[in-house]
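Q: Could you build the full structure based on these sequences and the hints that come with them?
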Amino acid sequence: MAVDPIGIPVKSSREEELYTAKPWTLIWWRFRQHKLAVASLIFLVLTCLSALFADFISPYTPGSIDRLNTFAPPRAIRVIHDGQLRMPFIYALARTRDADTARVTYEEDTSRPIAVHLLVRGERYRLLGLFETDLHLFGVDDPRQRINLLGTDALGRDMFTRLLYGGRITLSAGLIGVAFSFILGLALGAISGYYGGWLDVGIQRLMEFIRSVPTIPLWMGLAAALPIVWDPLFVYVLITIILSLIGWTHLARVVRGRFFSLKTEDYVLAARLSGASEYRIVTKHMLPAMTSYIIAAMTLAVPEMILGETALSFLGLGLRPPVVSWGVLLQDAQNLRSISLAPWLLSPGVAVVLVVLAFNFLGDGLRDAADPYGR
Amino acid sequence: MAGFIFRRILWAIPTLIVVSFISFVIIQLPPGDYVTAYAAQLRHSGDYISLEQEALLRAQMGLNDPMIVQYWRWITNIVLYGNFGHSLEWNAPVSSLIWDRLGLTLAISTLSMLFTWAIAIPVGVYAATRQYSVLDYVFTIFGFLGKGVPDFLLALILMWMAFAWLNMDVGGLLSPRYQNAPWTIDKVINLLSHLWIPVVVLATGGAAGLLRVMRANMLDELGKPYVETAYAQGLSERQVVWGYPVRVALNPFISTVGWALPALFSGDVITAVVLNLPTTGPLLLQALKMQDMYLAGSFILILSVFTVIGTLISDILLAWSDPRIRYS
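Heads up: the protein sequence lines correspond to chains S and D, in order.
Under this note's numbering, the first residue of the first sequence is numbered 1, with each subsequent residue one higher.
Under this note's numbering, the first residue of the second sequence is numbered 1, with each subsequent residue one higher.
No wet-lab data here; the hints were simulated from the structure.
Treat the hints with care, as some may be off.
List of simulated lysine to aspartate or glutamate pairs, DMTMM-like, C-alpha gap at most 25 Å [unchecked claim]:
id : chain 1 : residue 1 : chain 2 : residue 2
1  : S       : Lys284    : S       : Glu304
2  : D       : Lys147    : S       : Asp332
3  : D       : Lys147    : S       : Glu304
4  : D       : Lys289    : D       : Asp47
5  : D       : Lys224    : S       : Asp266
6  : S       : Lys35     : S       : Glu15
7  : D       : Lys289    : S       : Asp332
8  : D       : Lys224    : D       : Asp136
9  : S       : Lys22     : S       : Glu265
10 : S       : Lys284    : S       : Asp368
11 : S       : Lys263    : S       : Asp200
12 : D       : Lys147    : S       : Glu265
13 : S       : Lys263    : S       : Glu278
14 : D       : Lys147    : S       : Asp368
15 : D       : Lys289    : D       : Glu54
16 : S       : Lys35     : S       : Glu17
17 : S       : Lys284    : S       : Asp200
18 : D       : Lys147    : S       : Asp364
19 : D       : Lys289    : D       : Glu89
20 : S       : Lys22     : S       : Asp266
21 : D       : Lys289    : S       : Glu15
22 : D       : Lys289    : S       : Asp231
23 : D       : Lys224    : D       : Glu237
24 : S       : Lys284    : S       : Asp266
25 : S       : Lys35     : S       : Asp364
26 : S       : Lys22     : S       : Asp364
27 : S       : Lys35     : S       : Asp231
28 : D       : Lys187    : D       : Asp47
29 : S       : Lys263    : S       : Asp368
30 : S       : Lys35     : D       : Asp100
A: What follows is the structure in structure tokens.
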């Protein structure tokens, strides 16, 4: 044990750190131990970034059609050609027709490697809607060959590009939907938990009622009522609102429960006795004590929104083409024929599963870390 | 107990009224009304009616009345005469379209709920009693996957696998050649070979969630002193585990039966569309897309009523199994 100049023994630095650490530091330490949650966080950050910069990362634009490249299989980027290591390349794809079935088949031409370059000029787009450019992160120089990491769809559009663009809509729908339901849930949950009494009973009844309505039929009913002629972007906002109108109850329940347990805490009583206004008590004393819980609950609510959007769009009631979202992309994979012909059309489904799982793991990790004094 | 049930049923009545009102609002939401749709249908078949005739029809059907009056007419027709209105698209009374489909939905939902429990309870108990064993981890992964994979995607994948690897014909409930055949052993086998996909799809989502709940509850209970006491009395592990902690851990299960029913109905809609089952889902979707609003509204109403009843049943079950709720 170290001894300081005046002669008072100090505790070992680790223990001291633990005692003086701020709550958020403790939460971070607890969260860090949850390896799966940390990995999920990194994965989600990367996913969000690639969705945000979709137009730069993707080699093409989501609407660019290539009639001679329909249902092309995914292409692997290789580094070994003729047993020799070389810069990343793909093999050229030769398009042939099956003599018997007249079906288009593709074959890799292993004698023709095509180099993959970083930062190539391609189709023009507006980066983040601000400045126009034609620079793409990667691509191939050959004008007759395309690099389709995840294959192409029935119109020869690049799935990888569409997946990234779809991520923009689907992820933002999830986040915006949760933001809406957060506002509703926080307001109603706080009123319900803080005041109690008949207000609480009323709001509880409302929540019970909303939960007792079968979600998907109600979503479908509301979504089907939106006229088809409306602007797709406006429909998108309305769909997220519809999703959040039903999704807020879970959040409100968490907030209400926390308010109930915090209301009787000594420090809240002390604040009340020293004459703090109700607004001040709620915003300055009670809300900070439950921020971590709310963040955890919000994280766990995102996947439901994403699944809701995907399901609605998949059924053709949510977003519609030309808007690209994961649900819209999955519409192409609706029947057995197209799946057995082009299994890569299911890749948006894989993306949905990965993102939903990551949000679940992250939410679990946050929930465990939310109360750093618990254990 | 009787008092509790009575109070609980009283509470369900306003819920039912609000549910029916919302269903009606959904019917009314899209622009235009029955007559506009009817006129459009006539135009489609080459016929037409004048604006005056349209106005006359509206007056005749009372479509100019305030919404609340129309609602009253709609709901009294349903409650008193079982008349759900007329489906435009099918040109038939709604009630003739929905009942057998609803029956099938209910059958598949019940079957998958039983299947859900048959998976979730034993597996949850096993995972808790053998915590951190290999199988526990396997079940944990299964639980997370079941939560993350959307129903329709699972249905698609299972269909594809059954089609590509097992060489089965999938989709629908019966192969075409058995459609109108009399009931024989072969037909039943054929039905079962189609039925397993929707049941597995519906059960997986539910089982994944319940499994986690069951495991967590069991872990809470297994650490309690009464379990140790039971062991000390010389009871075997089977007697201890299934006789005491399982019964306590089942409580939250019972309270979620009510939630399971709407979830199954919701899940059924999408799964049924993908698998092309003759249940409520595809018909509801079709009705919504064609804005056949009487059909759609009736579906939403009936599904919601089932849900409210399901919640009611689970509340009563819970009160019956846990006296603390009865007397609070």
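Q: For every hint, state whether the structure bears it out.
A: Hints and how they fare:
1. S:Lys284 with S:Glu304: Given pair S:Lys284, S:Glu304 is violated - Cα atoms ~31 Å apart, limit 25 Å.
2. D:Lys147 with S:Asp332: 24 Å, holds
3. D:Lys147 with S:Glu304: 10 Å, holds
4. D:Lys289 with D:Asp47: Holds - the C-alpha atoms of D:Asp47 and D:Lys289 are around 23 Å apart, at most 25 Å.
5. D:Lys224 with S:Asp266: Roughly 31 Å separates the two Cα atoms, so the pair is violated.
6. S:Lys35 with S:Glu15: 23 Å, holds
7. D:Lys289 with S:Asp332: Measuring from Cα to Cα gives roughly 18 Å; hence the hint holds.
8. D:Lys224 with D:Asp136: Given pair D:Lys224, D:Asp136 holds - Cα atoms ~21 Å apart, limit 25 Å.
9. S:Lys22 with S:Glu265: Holds. S:Lys22 to S:Glu265 sits at ~20 Å (cutoff 25 Å).
10. S:Lys284 with S:Asp368: Holds, at about 24 Å.
11. S:Lys263 with S:Asp200: 14 Å, holds
12. D:Lys147 with S:Glu265: 36 Å, violated
13. S:Lys263 with S:Glu278: Cα-Cα ~12 Å, so holds.
14. D:Lys147 with S:Asp368: Given that 25 Å is the threshold and the Cα spacing comes to 19 Å, the pair holds.
15. D:Lys289 with D:Glu54: Since the Cα atoms of D:Lys289 and D:Glu54 sit roughly 24 Å apart, the hinted pair holds (cutoff 25 Å).
16. S:Lys35 with S:Glu17: Cα-Cα ~22 Å, so holds.
17. S:Lys284 with S:Asp200: Holds, at roughly 22 Å.
18. D:Lys147 with S:Asp364: Status holds; Cα separation ~13 Å.
19. D:Lys289 with D:Glu89: This hinted pair holds, its Cα atoms lying about 11 Å apart.
20. S:Lys22 with S:Asp266: 20 Å, holds
21. D:Lys289 with S:Glu15: 64 Å, violated
22. D:Lys289 with S:Asp231: 18 Å, holds
23. D:Lys224 with D:Glu237: 15 Å, holds
24. S:Lys284 with S:Asp266: 15 Å, holds
25. S:Lys35 with S:Asp364: 11 Å, holds
26. S:Lys22 with S:Asp364: The given pair, whose Cα atoms are some 22 Å apart, holds under the 25 Å limit.
27. S:Lys35 with S:Asp231: 43 Å, violated
28. D:Lys187 with D:Asp47: 45 Å, violated
29. S:Lys263 with S:Asp368: 22 Å, holds
30. S:Lys35 with D:Asp100: 51 Å, violated
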